[in-house]
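Student: Position in the sequence shown (from 1) plus 6 gives the number in this note's numbering.
Note that these hints are calculated values from the structure, not bench results. Keep in mind the model is a prediction, meaning the values are calculated, not measured. Any given hint could turn out to be false.
Said to hold, decoys possible - Here are the simulated BS3-like pairs of lysine-lysine, each with C-alpha atoms no more than 27 Å apart in a straight line:
| id | residue 1 | residue 2 |
| --- | --- | --- |
| 1 | K208 | K99 |
| 2 | K92 | K208 |
| 3 | K184 | K208 |
| 4 | K208 | K224 |
| 5 | K206 | K95 |
| 6 | K206 | K184 |
To be verified - Simulated restraints, written as ranges between beta carbons of each label pair:
| id | residue 1 | residue 2 | range |
| --- | --- | --- | --- |
| 7 | P114 | E170 | 18 to 28 Å |
| 8 | K155 | I227 | 19 to 29 Å |
| 9 | E229 | K41 | 22 to 32 Å |
| 10 | N179 | K226 | 49 to 59 Å |
All residues carry an ideal CB built from backbone N, CA and C; glycine is no exception.
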Amino acid sequence: MHGINRPNIKQINTLSNRYDEQNYYDVVLANPPFKGSIDPSEISGKFTIKTKKTEILFLELMYSILTSGGRCGVIVPDGVLFGSSKAHKSIRKKLLEEARLDAVVSMPSGVFKPYAGVSTAVLVFTKGEPTKKVWFYDMTSDGYSLDDKRTFIDGKGDIPDIIERFKKRYEENPTDRKGKCFFIPVEEIIENDYDLSISKYKEIEYEEIEYEPPEVIKRKILELEKEIIDTLEKMEH
């Protein structure tokens, strides 16, 4: 599959003491279970963040098994981005201060329907140097309808644009927060309690609508009512 001719696949609880790999992989791609919980007695003592939430433990695991300079792309539930617990803040702080958080791609709720309707995001980070700024992308389509039917539209959606813009992010250096993608300096993220949700920083431009005075609207409604009554009377005759 995808050019991997000799896969080395193991079945093991990577959150337990039975798994001891550290600083081993150059690239990690993952879609771990969402919003799970684990018995504290089964959790490996190597974790520095004390929590039973598996989505947080898996993130720390991925960081720890990367080599210095290793890269990770992982899908997480939205709660990881803005959760207010000590564990949530600790993992976000770790990704910003002990890694370079390259990107937060916010995905629309519905991309995992009909199996799950939870909102998700893709985090891309590189282990080692601290983060200076984070690239955010507001993904609105993956090429399929976002209902339970997941009807084919074009099978691509924003994905080609995400790949292209990510490659050129430093060259483009987008700062317009009304756009699809933009950079946020790490200092601002820290000031916002390490919040990584795109809604915290994206600026929504609302179109101003001018309405007619209430008296005019009322008069038009009365005129329409009269027209309806006249029409009904004509239909009776």
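Student: All the hints need checking, so say for each whether the structure fits it.
Tutor: Here is how each hint holds up against the structure:
| no. | hint | verdict |
| --- | --- | --- |
| 1 | K208 with K99 | holds, 21 Å |
| 2 | K92 with K208 | holds, 25 Å |
| 3 | K184 with K208 | holds, 6 Å |
| 4 | K208 with K224 | violated, 38 Å |
| 5 | K206 with K95 | holds, 15 Å |
| 6 | K206 with K184 | holds, 12 Å |
| 7 | P114 with E170: 18 to 28 Å | holds, 19 Å |
| 8 | K155 with I227: 19 to 29 Å | violated, 39 Å |
| 9 | E229 with K41: 22 to 32 Å | violated, 55 Å |
| 10 | N179 with K226: 49 to 59 Å | holds, 50 Å |
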